[in-house]
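2 protein chains.
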Amino acid sequence: MEVAIMLYNGITALDAIGPYEVFAATMKSKVKFVAKNKGLIKLDSKMGYLHADYSFSEVTSADILVVPGCSPPNYKTPMNDEESLNWIRQLHETTKWTTSVCNGSLILGAAGLLNGAVATSHWGSFDLLQSFGAIPTDERVVRHDKIVTAAGVSSGIDMALQLVAWELGEDTSKVVQLILEYDPQPPFDTGSPKKAPAPMVEQLRGMIQELSKKEPNL
Amino acid sequence: MEVAIMLYNGITALDAIGPYEVFAATMKSKVKFVAKNKGLIKLDSKMGYLHADYSFSEVTSADILVVPGCSPPNYKTPMNDEESLNWIRQLHETTKWTTSVCNGSLILGAAGLLNGAVATSHWGSFDLLQSFGAIPTDERVVRHDKIVTAAGVSSGIDMALQLVAWELGEDTSKVVQLILEYDPQPPFDTGSPKKAPAPMVEQLRGMIQELSKKEPNL
Numbered sequence: 001m002e003v004a005i006m007l008y009n010g011i012t013a014l015d016a017i018g019p020y021e022v023f024a025a026t027m028k029s030k031v032k033f034v035a036k037n038k039g040l041i042k043l044d045s046k047m048g049y050l051h052a053d054y055s056f057s058e059v060t061s062a063d064i065l066v067v068p069g070c071s072p073p074n075y076k077t078p079m080n081d082e083e084s085l086n087w088i089r090q091l092h093e094t095t096k097w098t099t100s101v102c103n104g105s106l107i108l109g110a111a112g113l114l115n116g117a118v119a120t121s122h123w124g125s126f127d128l129l130q131s132f133g134a135i136p137t138d139e140r141v142v143r144h145d146k147i148v149t150a151a152g153v154s155s156g157i158d159m160a161l162q163l164v165a166w167e168l169g170e171d172t173s174k175v176v177q178l179i180l181e182y183d184p185q186p187p188f189d190t191g192s193p194k195k196a197p198a199p200m201v202e203q204l205r206g207m208i209q210e211l212s213k214k215e216p217n218l
Numbered sequence: 001m002e003v004a005i006m007l008y009n010g011i012t013a014l015d016a017i018g019p020y021e022v023f024a025a026t027m028k029s030k031v032k033f034v035a036k037n038k039g040l041i042k043l044d045s046k047m048g049y050l051h052a053d054y055s056f057s058e059v060t061s062a063d064i065l066v067v068p069g070c071s072p073p074n075y076k077t078p079m080n081d082e083e084s085l086n087w088i089r090q091l092h093e094t095t096k097w098t099t100s101v102c103n104g105s106l107i108l109g110a111a112g113l114l115n116g117a118v119a120t121s122h123w124g125s126f127d128l129l130q131s132f133g134a135i136p137t138d139e140r141v142v143r144h145d146k147i148v149t150a151a152g153v154s155s156g157i158d159m160a161l162q163l164v165a166w167e168l169g170e171d172t173s174k175v176v177q178l179i180l181e182y183d184p185q186p187p188f189d190t191g192s193p194k195k196a197p198a199p200m201v202e203q204l205r206g207m208i209q210e211l212s213k214k215e216p217n218l
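Sequences listed follow chains H and Z, in order. Just so you know, this note's numbering puts 109 at position 109 of the first sequence, and the rest follows in order with no gaps. Just so you know, this note's numbering puts 23 at position 23 of the second sequence, and the rest follows in order with no gaps.
Be a bit skeptical, because a hint or two may be false.
Taking CB as the label site, the calculated pair distances span [said to hold, decoys possible]:
(1) Z:30 - H:55: 30 to 38 Å
(2) Z:146 - H:93: 47 to 55 Å
(3) H:199 - Z:39: 21 to 29 Å
(4) H:170 - Z:131: 49 to 57 Å
The list that follows gives simulated cross-link-like pairs (lysine to any residue, SDA-like), each with its CA atoms no further than 25 Å apart [to be verified]:
(5) H:42 - H:58
(6) H:28 - Z:188
(7) H:195 - Z:189
(8) Z:46 - H:2
(9) Z:28 - H:202
(10) H:42 - Z:26
(11) Z:42 - Z:58
(12) H:42 - Z:45
(13) Z:36 - Z:58
(14) Z:30 - Z:46
(15) H:46 - Z:9
(16) H:28 - Z:193
(17) Z:194 - H:169
(18) Z:46 - H:63
(19) Z:195 - H:184
(20) H:42 - H:85
(21) H:28 - Z:204
(22) H:28 - Z:187
(23) H:214 - Z:36
(24) Z:30 - H:96
(25) H:30 - Z:79
(26) H:96 - H:46
(27) Z:146 - H:184
(28) Z:46 - H:54
(29) H:38 - Z:54
(30) H:46 - Z:89
(31) H:194 - Z:27
(32) Z:28 - H:208
(33) Z:214 - H:172
(34) Z:38 - H:47
(35) H:46 - H:213
(36) H:146 - H:1
(37) Z:36 - Z:79
(38) Z:195 - H:189
(39) Z:32 - Z:116
(40) Z:96 - H:187
No lab work stands behind these hints: they were computed from the structure. Even for Gly, the Cβ is constructed at its ideal location relative to N, Cα and C.
Build the full structure now, drawing on both the sequences and the hints.
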C-alpha cells in the first residue's frame, strides 16, 4: 500500500506523524513524505522540522494521499499555490483514498475536491470549509465517496486506523492499535467543542478566526 | 518552560511528536529537539526522518526531558552509548521532570535512573524494564518522584497533557486538548493487552521479544 503524505512549511507535525505511525506499524505500507521541494519542512510552531524525502515530481500516484493541516496563520500557503493544488488533483486521479487531517481539508477544498461533499475539519474552521462548497459535519472521521476528512490534529490517528481496517482488514487495524498502545486516557475530557466549557470554546474560536486573517509568516 | 526531546537513529516518530505537539500548543513552551549530532535522524521504519536542531553539547539543562522509544531492533543503540546516557544523567540533574515514552524508559533504566522506581514502558518490554531494577506497572502514565514514564507510543500525548496540567495549570491542559481536538474515537478497542484478544497479544509479544534480540540495523 503506497501512502503519500504531503508536507509544506507551516505544517502541524502531529497531523502528518499520527497517520504515518499507523501506516508504518502495519509493516505493509510504503509511506512517502512529499513536498514541492525535498528537504527540511518548517513546522508551524517554528520549533522544529519534518523532512520531505520526495518532491512532487517524483511521486505521481498513491493508494492513499494524506493532506495534513497547519496553524491558522500559515494555512493559506498551499491553498494559494497552484503547483501544490495541481499535484493534489493529479494524485487524486490515482488514489483509492484522498484524505485530510485537521484544516488540511481546506486545501482539498481549494483544490476543488469538496464541492457538495460532506466533510470535516478542525472545529474552528467550519466556516472556511463551507466556503469551498463542502457540507461540514462534526463527526471525527467523515467519508464521502473516496474522500475521507478527519477533525483536528490528533484525529488523523483514528482516521488512519479506519483506513487500515478498510484496506488491510480489521485484524491488522487492531494489531496496529495494540502496537501503538492506543488506549487513550487524557487527564481531562475537553477534546471537542461539545465537551469543553463553552467560554473556553468561544475564546479559542475567536483567536483562531483572528489568526486565520493574518498573512502567513514563514 | 523549556522542553528537551532527545532524538536518535531508530526512534519511533510519534513517541517524540506526540509530546512535542502538546507542549507546542501551550504557546508557553520552548521545545528543543536534541541529539548527539544535529541533523537528520533516521526513523525506525526507515521511511523518513526527524531533525535535531541541537546537539547534546548545546543543551545542558531543561525543565522537562523527554526520552522517546524506538522499534525493538534498534532500541539498544542509545542504551549502549555512554555519551547519550551521560547526557541524560546531566540533564536529569537540572530537570523538574525527567520523562520517557514507550521503551524510552529502558534508556532511562540504562542511565541508572529507574532503580527501585515504579515505572512503565511499552507492554511488550516489561521484562527488560524490570532488569533495570524498575517496578513495572501497567498504568498509562506513571509518576515516581520527578520521573514520569508513559506506556507505548501514543501514550506520550496523555503524559504531556498531564505534565502541562502540573506545570501550567489544568485550564491550559484543557485548552491544549481542545486545540488538538484530542477526543479519541478509534474504530476498535484493542489498545492495551487487557483489551485486545489474547492470541493477538501473545503473537505480538513473541514478535517483539524476537526483534529485541536482534542487533540494530541502522
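Violated hints - listed by number, lowest first:
3, 4, 14, 23, 24, 25, 26, 30 and 39
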